[in-house]
Amino acid sequence: MHLRLEARTEPSRLARWLSPLVATFAVLVIGFVLFAAMGKDPWFALYTFFIDPVDTRYDVGELLLKASPLMLCAVGLAAGYRANVWNIGAEGQLVLGAVAGGGVALAFHDSTSPLVLPLMLVAGVAGGMLWAAIPALLRTRFNANEILVSLMLVYVASLVLSLLVHGAWRDPEGFNFPQSKLFSDSALLPNLIPETRLNVGFLIALVVVGVAWLFMRRSLTGYQMRVAGLAPAAANYAGVSAARTVWLGMLIGGACAGLAGVGEVAGPIGQLMPVVSPGYGFAAIIVAFVGRLHPVGIVFASLLMSLLYLGGEAAQMKLALPSSVTGLFQGTLLLFLLAADVFIHYRLRVVRRPAPVAHGA
Amino acid sequence: MTRYTRRNALAALGAGAATAALPALAQTKAGEPLQIGFVYVSPIGDAGWTFQHDTARKAMEKALSGKVVTKYIENVPEGADAERVIRELASSGNTLIFTTSFGYMNPTIKVAQAFPKHKFEHATGYKTSKNVGIYNARFYEGRYLAGMVAGKMSKSGVAGYVAAFPIPEVVMGINAFTRGMRVTNPKAEVKVVWVNSWFDPGKETEATNTLVSQGADVVTHHTDSPATMQAAEAKKIHAIAYHSDMSKYGPNAQLTAVTHHWTDYYTRVAQSVLDGKWAPDNVWGGLKEGMIKLAPFNKVVPADVQETVNRAEAEIKAGKLHPFTGPMKDNAGKERLAAGKTISDGDLQKMDYYVEGVVGKLPSSK
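Those protein sequence lines, which keep their order, are chains W and S.
Position one of the first sequence corresponds to residue 1 (our numbering), numbered consecutively onward.
Position one of the second sequence corresponds to residue 362 (our numbering), numbered consecutively onward.
Hints are supplied without guarantee of correctness; some may be wrong.
[To be verified] Below, simulated BS3-like cross-link-like pairs (lysine-lysine); rule was C-alpha separation at most 30 Å, straight line:
| # | chain 1 | residue 1 | chain 2 | residue 2 |
| --- | --- | --- | --- | --- |
| 1 | W | LYS40 | S | LYS428 |
| 2 | W | LYS181 | S | LYS428 |
| 3 | W | LYS318 | S | LYS491 |
| 4 | W | LYS318 | S | LYS478 |
For the record, the hints were derived by calculation from the structure and aren't laboratory data.
Could you build the full structure based on these sequences and the hints that come with them?
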């Protein structure tokens with residue numbers, strides 16, 4: 001007797017709704033056991049992880065602030081993933097967005113013009129697109145694998161940033177430390193809620209998510225991209241250009257990641273530093289899949305991911321748990337969420353067979 | 362543009378501190394332990410920069426047992442997250458907070474403004490305010506002694522240096538090491554490989570192997586992991602550890618280690634807060650203050666070498682010897698210090714050149 005995964009003829013509606021609930025339940029059980037084994041009160045630990053990080057206005061601001069770049073990167077990536085375009089390099093595109101936007105901020109450091117900020121945003125988008133254009137070009141021209149190229153460019157991007165903050169863009173009054181000047185007020189995103197760090201970047205992210213939804217659901221191009229992802233041969237037969245799909249998929253991802261990058265440096269960071277993202281571009285890949293590549297799902301998934309980051313900090317602070325344990329718990333949750341989704345398209349079958357004849361098991 | 366150093370920046374802010382210090386006194390209620398928060402840039406692990414800070418945190422908690430309670434958050438990226446973490450520590454009652462990495466400087470200053478009655482201590486930065494003090498150690502003093510050991514022990518006369526980022530602190534260490542090495546071997550050369558990371562065991566190992574293949578038979582590092590030590594052990598050459606004593610990773614390789622010690626400082630700061638006497642300061646302590654020490658020598662280091670180094674250590678402690686005393690040239694031949702002149706702290710903190718004896722060109726120096 002053994003278990004076998006069997007493809008369903010059509011996705012199960014029940015499993016679709018049940019999957020996140022089952023995953024959450026499984027995680028709670030695991031968390032309970034894990035925290036109890038560490039000698040912590042499991043109820044208090046779960047409270048610390050999921051409620052404590054959002055129980056004040058400032059905390060909610062932080063939740064949304066941290067969710068914004070994740071949301072942006074993930075929604076851009078999802079557009080590509082739907083079309084089978086595998087952009088793994090959102091982190092690099094984010095960094096280039098930060099470099100381009102930050103470059104504008106530094107170039108107009110003394111300006112108080114209200115145009116500085118819009119110009120920075122445009123530059124950020126352009127920077128991200130430029131970085132994404134490289135794998136798109138290599139893929140469409142030379143059939144180079146976009147997964148590898150976009151991934152490798154992440155490291156190049158961080159070296160570009162490093163070069164600038166160690167050299168040309170280093171704050172002349174900063175004792176040769178690798179940081180740019182602090183941006184002037186005209187280069188910072190306006191605050192949204194007083195006494196928090198939440199800024200207009202969050203609204204921009206929501207608008208982008210809305211536009212992405214319209215694009216994927218309501219536009220012909222979006223439809224063609226989805227078809228190209230589901231049935232490449234059919235799309236080809238219908239005259240959808242594969243190269244165009246690759247270009248669109250990469251550029252949308254790059255634009256969104258670039259916007260996220262400039263949002264970070266014009267928001268909570270306020271200057272260029274050697275590291276501008278704690279891996280948002282990579283985390284966004286998980287967010288995109290936990291959100292099932294759907295814009296609305298991605299909004300929730302990015303909030304969850306953000307909550308997990310904050311919960312991990314709260315657990316360190318309140319429970320004195322090492323960061324590796326909080327990381328373990330975060331990983332478990334994401335694993336269950338993704339694993340439970342398998343049951344939407346597959347069912348588990350118990351297969352009884354007579355004892356195998358010639359094969360030795 | 363006014364050239365400003367850490368010291369006169371502090372002086373400018375000092376006036377504000379004097380008036381602000383008074384109302385800030387009565388904040389720890391009698392009998393309640395002082396809550397102290399620590400922010401670490403990497404996981405604690407069992408050697409390295411953060412490990413030394415955490416060792417000091419525990420020792421301080423023990424020394425002031427019952428009077429202080431500490432909390433820490435490890436692995437906090439420099440950037441947007443730091444501000445939130447520092448603020449969370451502040452708002453959850455930690456009235457004294459140590460932020461232990463350079464990249465926490467601006468976030469620390471920002472949070473300190475929002476919590477004017479809290480006290481903040483930032484390591485390795487240069488901005489202070491009425492409730493932010495800064496502290497750092499004169500690591501270069503230990504580096505100089507390490508260089509002297511290397512000069513005596515190296516047969517090839519070439520030392521390898523695995524370095525993280527070309528910031529003044531790291532450059533200062535390379536230069537001090539080189540000057541120390543040239544005291545005991547005037548022809549010695551130091552080769553540097555930059556790994557562009559504070560913690561990347563893979564790259565650190567590769568860098569060490571590269572240096573060995575370029576003729577280095579003693580290596581040292583300004584990175585966080587014991588990888589350099591382990592690689593040296595594997596290659597059967599000598600190494601000098603940094604941050605922590607790493608002899609357990611290289612029992613044969615480690616000649617000595619330049620180690621960091623924050624316990625006394627943390628205990629003193631916490632005590633001064635308990636006494637209501639804390640004021641923002643700019644502390645830069647070295648061998649004399651016990652912030653920097655040399656780990657016990659490996660038995661392969663001959664007694665006369667040990668003696669020479671110990672004598673130099675005593676002279677530095679007594680203020681009779683400074684590793685950067687002229688004549689000193691950079692490695693392009695330009696004179697940086699005239700004979701008999703000693704470098705100022707301000708110039709030291711902006712060091713952006715290699716001294717004579719270091720091979721190669723400093724990245725991104727103009």
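Hints, verified against the model:
For the proposed pair LYS40(W) and LYS428(S), the alpha carbon gap of about 24 Å is at most 30 Å, so the pair holds. Taken as a hint, the LYS181(W) and LYS428(S) pair is broken in the structure, with Cα atoms around 41 Å apart against an allowance of 30 Å. A distance of roughly 29 Å separates the Cα atoms of LYS318(W) and LYS491(S); the hinted pair therefore holds under the 30 Å criterion. A hinted pair counts as satisfied when its Cα atoms are at most 30 Å apart, and LYS318(W) with LYS478(S) qualifies at roughly 22 Å.
When each numbered hint is compared with the structure, a violation occurs for hint 2 only.
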